[in-house]
Amino acid sequence: MLRRVHAFAGLALALMLLVVATTGVLLSVEPAMNRLAWPAVAPGTSVAALADAVAARHQRVDSIRVRGDGAVTATFNDGAGKMVEAVDPRSGASLGAYESSAFFRFVVDLHRSLLMGDGGRIAVALAALGMLALGLTGTMMLARSLGGVSAILKPVRGDAARRWHGELGRLALVGLLLSSLTAAYLAATTFGIAPMPEPTPPAVAASGGPAAPIRSLAGLAGTDVSDLKQLTFPARKDPAGSFRLRTSEGEALVDPSTGATLAFARTSTIERIGEWAYVLHTGRASWAFALALGLTTAAAPALGATGFLIWLKRRSARPRLPANIPARSADTILLVGSEGGSTWGFARTLHAALTAQGHRVHAAEMNAVGPEHLDAERLLILTATYGDGGAPASAGLFLDRLAKLDRPIATAVLGFGDRSFPSFCGYARAVAEAIEAKGWPRLLAFKRIDRRSAQEFSQWGHDLGAALGRDLELKHVAERPKTTALALIGREMYGEAVGAPVAILRFEAAAEASGRPGQLPRFEAGDLLGVLPPGDDMPRLYSLASSTRDGVVEICVRLREGGLCSTFLHGLGVGDRIEAFVRDNPSFRPAAGRTPLILIGAGAGVGPLAGFVRANDAERPVHLYWGGRSPSSDFLYQHEFAEQIARRRLTTLRTAFSREPGEAAYVQDRLAADAHRLRDLVRQEAQILVCGGRDMAHAVARTVDRLVGPLGLDLATLRSQGRYLEDVY
Amino acid sequence: MKHVLPTLAVTAAFVAPTLAEARPVTLETSLQSYGGNGAFVAIYLLDPAGKYKGTLWMAGDKAKYYRHLSDWTRASGGRLAEVDGITGASVGSGKTLKITVDITDALINAGYKIHVDTAVENGDDNPSEIVAPLDASASGKPVAGDGYVKTFKATF
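These protein sequences, in sequence, are chains A and B. Going by our numbering, the first sequence opens with residue 1, and the numbers climb by one from there. Going by our numbering, the second sequence opens with residue 1001, and the numbers climb by one from there.
Keep in mind that the hints were calculated from the coordinates and are not lab data. Just so you know, these numbers come straight off a predicted model, no measurement behind them. Not one of these hints is a red herring.
SDA-like cross-link-like pairs, simulated, lysine to any residue; straight-line CA separation at most 25 Å: (1) B:K1062 - B:T1073; (2) B:K1150 - B:P1133; (3) B:K1141 - B:G1050; (4) A:K229 - A:G68; (5) B:K1051 - A:G241; (6) A:K237 - B:T1073; (7) B:K1062 - A:T182; (8) B:K1153 - A:D238; (9) B:K1064 - B:L1080; (10) A:K475 - A:G345; (11) B:K1062 - A:A194; (12) B:K1064 - A:R105; (13) A:K229 - B:K1062; (14) A:K154 - A:H6; (15) B:K1064 - A:G241; (16) B:K1098 - B:P1133; (17) B:K1150 - A:F106.
Label pairs and their in silico Cβ distance ranges: (18) B:S1139 - A:G208: 32 to 42 Å; (19) B:G1078 - A:S286: 29 to 39 Å; (20) A:S286 - B:A1136: 53 to 63 Å; (21) A:R314 - B:G1078: 51 to 61 Å; (22) A:L153 - B:D1061: 45 to 55 Å; (23) B:R1074 - A:F103: 31 to 41 Å; (24) B:S1139 - A:S286: 54 to 64 Å; (25) A:A260 - B:D1061: 31 to 41 Å; (26) B:L1080 - A:S91: 43 to 53 Å; (27) B:G1078 - A:L397: 57 to 67 Å; (28) B:G1050 - A:R266: 31 to 41 Å; (29) A:L178 - B:A1144: 40 to 50 Å.
Virtual Cβ for every residue (Gly too), placed ideally from N, Cα, C.
Make a model of the complete structure from these sequences and hints.
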């Protein structure tokens, strides 16, 4: 809901905000330019002295005012019509004719009314309210994604658009909230919704005596130019007229003959609030503040663009279901927990088969579960598992939301996973158990599908059909991902002598049929390369050791006994081609910033870590712990790391070799030995990234958990703060 | 959406019990090119004793600025009912406001005076910058203002 409000308000306002923000940025420069254009109004001159000096030069002066742009101007008429001149606030000398900038007047008009009068003003005011809503919902979403309000300053995770959106939004938040809040208030005063009374002294007739020299008028002599807003001279035709002196304190009537203050009205609190809103909105009080506000405003279009990208990505990630019935009128609800999208593929097959049988089916992601889903006759949950029993991306909120629902509905849970993982369908099991615990009727027993098996899925379909009294045929054809052809350009072999062959493989985009050079997809180190071995549509994922800017696709592949894909890759010769695609892996990426990184890996897991080191242009402190078998056989990237240390992209390298006679050690042993130094780094907000096999990852996790205990931290806390990331296979 | 056109042609029935006893008077107010936001312009009628008779036209529709038309406010009491139905857009710098009102014959050549107040946001207030007799002999003769008004003329 929060996301929908945020996206809707954002899209609706994007265009208007673009105009308002762009003009706002232009206007933010004005105070700085004015500061250079006009002499500063400094205390030390009385209003009486200034007015006297100005009046001496003209036949008739109407008013002297200190303008919002910092200029002191006098309006006079020497017989040739009304003129305005700028005046030196110290001496009252003329600085030449004053003309407010027509350009800025135009920009102001565009900024506050889109050149469309009151209709435009209302639209802009609504845009300001929309900006306020975006700021608030955005802050709430950011806090939620980072793990609470206290974590709001933690590094933002996700792909580039998400990171920019989050980081920029956070930086610009205060300025944007201030601008939009004050804009809304100013609009309210324009339309009389918020009162903006001006101090109006009671009309008291002046003595009517002969005008005294202005310099001698006590009521004006007591006020300093630095407090002046406007001095209006008595109307020539009005014998009972007085000087009208406006200061920040209020407005006074001063007798032109006696100099006495005849009446005074104080500025009300509500008007001061309005003035503050004006000053804060326009940055009139300080050019530096105005520029800062302008900078935050400049972030608004960038936020709009990145927000739009995120929205597009979400949209395209959502599978298209040709006939998705609204939840309220559906008889079957299909909830999907998917990480990479393949579970959605199964859901689509199921959706189509049930619809063909005359069912009214509504499919949604598991995170969307709500009371409206319980009106149907049955609930089918299809979910993958992320990592070691965790919830996939579209199901992270499911169990919490489920706990709040209590209308029983016949339910079946189907898990998707890989039997070779210890926690096979761990999350799906947790969901099945939670539903069991609620006592909801079971439509079908919990079942698990191994490695996207179409046969097992079809079997489950038969069982479901039997439960529904129908013949349900589920023919699932996995969608073959769109791939790019890559050609091998280099390979280095390691570890053959110690029985753990690892190849570093480098590919380039294969030339197209026309002979034109191919184009590499966009990726960063730590993203995943999906490789389709010949004769199999199931991709195998390898962590990327390079980024697009390196111009090559580099992966480390450990040869596994009987492994279809690793055997295929190890058998490649230079020039041979593979079919592969890139998948974003934003959950395994160093946080932006200059805080230290601790990279821990073993064997082929060093690949993405080497990529992170390579990308460390900013020379932030990076400490790499790596474990292999023997320095003489499988020391991957040995020469490159030496070079990176010299180039300051890598700070320290600690290695452990398990088959080194006399010095055999694992990487976790090195961590334990360096406990003191590592605690220091963690205290400096270091982020830990671990890549490698499951056994190593468990051993490292245990060691790190023990190691940070004395700091009052534990692994769970580090994980929740995004400071402990794993890429485990 | 409002455009301030170079001229505004408006007809307002004013103090005319029957049309037979009234005649149309065209009032043209040309503003200086002062280079600023649109001007608020109040055109109103005072009797020979200087007492307020009525408002002919109010250019500018933000009532909160009316207090800057200080003579009009003092004379009329600042009541919004006075300008009900005879309010238009403010007049841009260098533009001309042209209106036609029907005025009872009895008021013409009887010592009544047309007053014009002007005021501009971030500019000046010019109470009664035009005071012109409601006199057929002055028909078409321009009167110079000493504020934002370049010339004012009433044509009978």
